[in-house]
Structure formats: structure tokens, C-alpha cells
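Engineer: One-letter residues, chain by chain:
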Amino acid sequence: MQFFFEVLIGGLLAGVMYSLVALGFVLIYKASGVFNFAQGAMVFFAALTTVGFISMGAPFWLAVALALLAMAALAFFTERLVLRPLVNQPQITLFMATIGLAFFIEGIAQLTWGAQVHALDLGIADEPIEWLMGNTGMNISKFDLVASGIAAALVAVLAVFFNKTRTGRALRAVADDHQAALAVGISLHRIWVIVWMVAGFVALVTGLLWGARNGVQFALTFLALKALPVLILGGFESIAGAIVGGLIVGASEKLAEVYIGPHVGGGIESWFPYALALAFLLIRPEGLFGERRIDRV
Amino acid sequence: MLYREAGQFKTTYAADQQLFPIRQDRIGMAILLAVVFVGVPVAAATPALAGMIDFNYWFSGVLIPFLIFSLAALGLNILTGYAGQLSLGSAAFMAVGAFAAYNFELRVPGMPMLASFILAGVVAALIGIVFGLPSLRIKGFYLAVATLAAQFFVVWALTKFGWLSNYSSSGVITAQKLVVFGYAVDTPVKRYLLVLAIVSVMALAAKNMVRSSIGRAWMAVRDMDVAAEVVGIPMVKTKLLAFAISSFYCGVAGALYAFAYLGTVEPAGFELELSFRILFMIIIGGVGSILGSFLGAGFIVLLPIFMDLSAASIERSFGLALPAGLVSNLTLILFGALIVFFLVVEPLGLARLWQIAKEKLRLWPFPH
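Which chain is which? The protein sequence lines are A and B, in order.
So for the first sequence, my numbering puts the first residue at 1; every next one is plus one.
So for the second sequence, my numbering puts the first residue at 1; every next one is plus one.
Subject to a maximum C-alpha distance of 20 Å in a straight line, what follows is the list of computed EDC-like cross-link-like pairs (lysine to aspartate or glutamate):
hint, chain 1, residue 1, chain 2, residue 2
1, B, Lys160, A, Glu269
2, A, Lys30, A, Asp176
3, B, Lys360, B, Glu5
4, B, Lys160, A, Glu257
5, B, Lys139, A, Glu286
Output of the computed footprint for chain B on chain A, the stretches with three or more beta carbons under 8 Å from beta carbons of chain B:
hint, stretch
6, 75–89
7, 101–107
FYI, nobody ran anything at the bench for these hints, they're computed from the structure.
Note that beta-carbon positions come from the ideal geometry of N, C-alpha and C, so glycine has one too.
Sequences are here, hints too, so could you generate the full structure?
Structural biologist: Printed below as a string of C-alpha cells:
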């Protein structure tokens, strides 16, 4: 039973990371209806830029600031060159465009900073918490705990941003109803740039946390693939859904790997979340917290 | 002047329904077929030319992969371009085809090669139907995610279940020798001709499929599924048939990929990356166009080769060494930029450009 909890908590903590990636997806989807496949590439790009500046001798905070600036520039150009010309196209066209964007960003990132694996040290030790180990015998990493703390703080900041600031409210207005938002004088183009910047910021935080864990490397781009089942479970429009979905996917894939994996040869982590999401789709296609859509002829 | 159909009258229904209603198109197609079926092999057999051009490289490095990817792109185009169901799992169905053909050859004594290719396609079609089932309830990128499940599951299963790869380590299979009707297909030229013949027949079949009732049903589903259902198009049958036929094409392409192109393949070679490449082919070539599948495949196959060659010539002429990975990253950037460019500027791809060129050609050189 103790082992079960250890796996469960480890999975939940990994799930927090999935939630962060999914959060970036949800932000963009809500504001512009674009399913941004490039979120994983953005995570990679943000982390690599930070590490790149650090290796050039910049202090940590400056590197983060510069990476943030790069993400802002990326957001600006994406809106100008990809989103604006493709406005009013079918969603699936925009989705394919973001696949192209993902390739583009990956190429740029590796061209600028090289393709080797970089280590990133945030100053948080990746070691078991001792008193928990001593009292209950459970092996929970300090790093995971801090990372989920940061994730929670990020969500709180976003919540304040969306509820208390003028821009945040404009973002919510756009998410609610594009036309109504336009009618009261909110500029869609500006909102799109801002929301892509916010997604870039989320990508940066995600990239730093994952990068510190597993090294900053190309594999970060595959995070986008992990986040897709999370979105299906949680619903494309819901921030709460992204978080709950991430936790469910994280916990269930670890549990499945430990309890089902040995019977079928292991390594089922790669597809189990998808199977779970598919099964879920058949029952509740709009996800846990998504908005129910009704098709009309 | 040359390309004008004035004076070509249709007097029978058969003439009205023929594949190439314009005589110039028929002549052009005949010339094209003559060149690729006869001209190219003859040129390769000519000693004078063979000294100048490395035909073996052209056959096994360019033409064969081009034809095989055209076939895969054709398969994806049937599903995505005609039936409107976005799939990110084409590489998985290619993997199914490759491993199925291998197993049919391995386990059924005296199995004819072509029969195992066809059966490989059928197996891929069956798997395609299974993974196409979610399409009955979901669409758009929900469906794209469902096809991703196919992608990951198939690669995982091929790696984990040793029986499928005859218990080789990490699922690597080495394709058996290509023998068709007792005739050993062992040189690049012969392999090229075999692949060309198969691709031609299947392209012809696809062309006829998409202009028959089933193709029209696919397009109706693509354009508006509710309306299609209202006018009596059976949704289940149409969608699943699109998945089956698309997977059949991808499966045969996969079998050829293993048997006629690489020889040795492993499940990891059929990763998501390959699916994306095939998707890029149809976006660049033209969504919903048979010709587009070929143009797109040619473009995607040739672009990296062109990049490599130009990088090599830059290195030679300037005497400098380009950093490793530069070319591959530039190719990545170019792919991404081209995808966005085509989606923005010409969503119907190269095939549409060809169509525009033909329109212009009808008036040339007297546009008034």
C-alpha cells in the first residue's frame, strides 16, 4: 500500500508538469481557437534560450529575462506571420500551421544554441525529503515538491492576472465571445499577441522545471504530445481541466506502468494516456470541464 | 496554342467520362509513362550515360523513395484530402504493412511476394478500421489525437511483441529477397520498375476511386458531414472505408519501404516524424489531389537532398566547413516555413499551381 502511494504521488507530481504544458495550450485555445501544437517546441525554445544565455555568462535572472523577451518576440511574429493571414480559416488548417511553426521553432532553437543536451541547475536538490523518508518510508523528491509549488504559484498568478487586471479581463472577454469583444473595442490582434506571450511565459516556466529535471534537450518538444491526452481529459477550454487532467494522466500512467506494464512487456507509458483519453472521448467528448458543443446544420 | 481543346468534341458518354478528356493531356501522360517505364531504364543501361550519372544512387536514393512516399501520401490524401479526416498516424500504418509483409513471407512457405504485399495492405486496412472507429464520434483535432494513439500504440506493439519481428532485438527486421513471379528483383533498376508498376496501378485506382460514387461520398463528408448524412450517405461505411483504403495504401507503401527501399527496418523508423513528413507532402503538394501527392512527395524527398548538395558545393567553393547539424536545422526551418507559407498563400498546394499554369497555357501565347 505504501508503494502504491509512492507511485501515486510520484505520478501526481509528474502530472503537474503535464498540466503546465496543457495550460499553455488552453490559454491559446481559449483566446484564439487555435490548437497550438508548437507549445512543446516553445517549451524547448524557452529553456534552451535561458541555458544558452547562462552559458554565455549571463546571470540567471538576466537569462530568464532575455528568454522572456525572445518569447515575446516569437509571439509577436507568430501573430503577424501565421495567425493574422490565416484568420477565419478552418481550425484544422491552423492546427497544421502550428505543426509547421513547431518545426520552424525547433530548427531556429537548435541552429542558434546547438543540439547538445544542456544541464540546468535551479539550485533545488533532486533528493528525497528526509523526514518523510524517515517517518513513512516514502521516497518523494524535494525537487518535485518545489516544482509543484512553483506550478501552483504560476496558476495563482495567472488567476489574478485574468481576474484583476484590465488586460486579463479583455482576454477572458475574447475567450467568451470574439464578436462581442470586438464590439466593445477590444483589439483581437493585440489580445492574440498577449495571449501567445503569456503562453510563452508558461512555456518558459515549464521548460526551466523540466530542463532542471531531465536536462534541456530536444525531448522537451515531445511534451506537447503528453499534453494532448491531458487536454482531451480536461477539456480544451478549461484551466481547471488542464490541471485536473494533468494530474489524472500523470497518476494513471505511472500506476499503469507499475501494475499493468509488467504483464504486457512494459513501456506502455507512451500510449496509455492516449488510450485513456480515447476511452474518455467515447463517454464525454467535451472533456471533464469543457464546454458542450452542439452542432447545428 | 499547343494546349487547347478547341475542336475536340465528345460524341459518346464514354468519351465524356474518360480520365483525361483533353487530347494533349493524354499525349503528355503517354509520354510521361513511356519516359519513366522505358526511357529511364534504357538510359541507365546505356554505358555512355551510366558513366556520367550515378544511376544506382538516383534509383535507390531518389526515385524509389519518391515513388514510395508518393504512395503513402496518396493514402493520406484519400483520408485527409478527400474524406477530411486528419490523420497523424500514417507512419504507423506503413509499419503495419512492412511487418505484415515480412511475416507473411516468413511464416507462409511459398507465399508470392505480390500476394504478401496485398495482404500486408489488407492487414493495415483492418488496423486502420479499428483506429478509425473513433472518427464516428469525434472529428477535427480530437480525431488527430486519436490517430496519434495509433501511432504510438503500433510502434510500441511492434517493439514489444517479439513474435512480430521474429524475436530480433529491438524489433529490427531484414526484408526477404524480392522475387516476383520467380524473377529476382535484385538490382536498383528492377526494384525501381517494380515499385513504379505498383504505384502506377494504385494511383490509377485512386484516381478512379475519387471520381466515382465513393469519392464523391468522401468529399461530401469532408465538406459537411451533417448535410451528407441528411442526403443519405452512410456515415459509418463512408468514413471507415476511407480509413481502410487509406491504410491499405499506406500499408503497401510500408511494405515497399521495407522490401524495395531500405531492406532493414525497425519500428523506431516509423516514428511520428515520418507521419508528419507525409502530412507535409500533402499540404505542400495539394490537399485533395492525386497529382498533388506526387508533387508533394517529390518536393519533400528532393528538398533535403538539394540542401545537402548545395551545402557541399558551398563548402567546396569557399573552402570552409559548415558546422554539423546546420543543414538539417536549416531543412527543419525551411519545412516549417514552407508549411506556413503554403497554408497562407496557396492552401491547395503545388497541384493548384499546376492547374493555374494549365489555365494560362490554354491562352498562351495570345491571351486576347
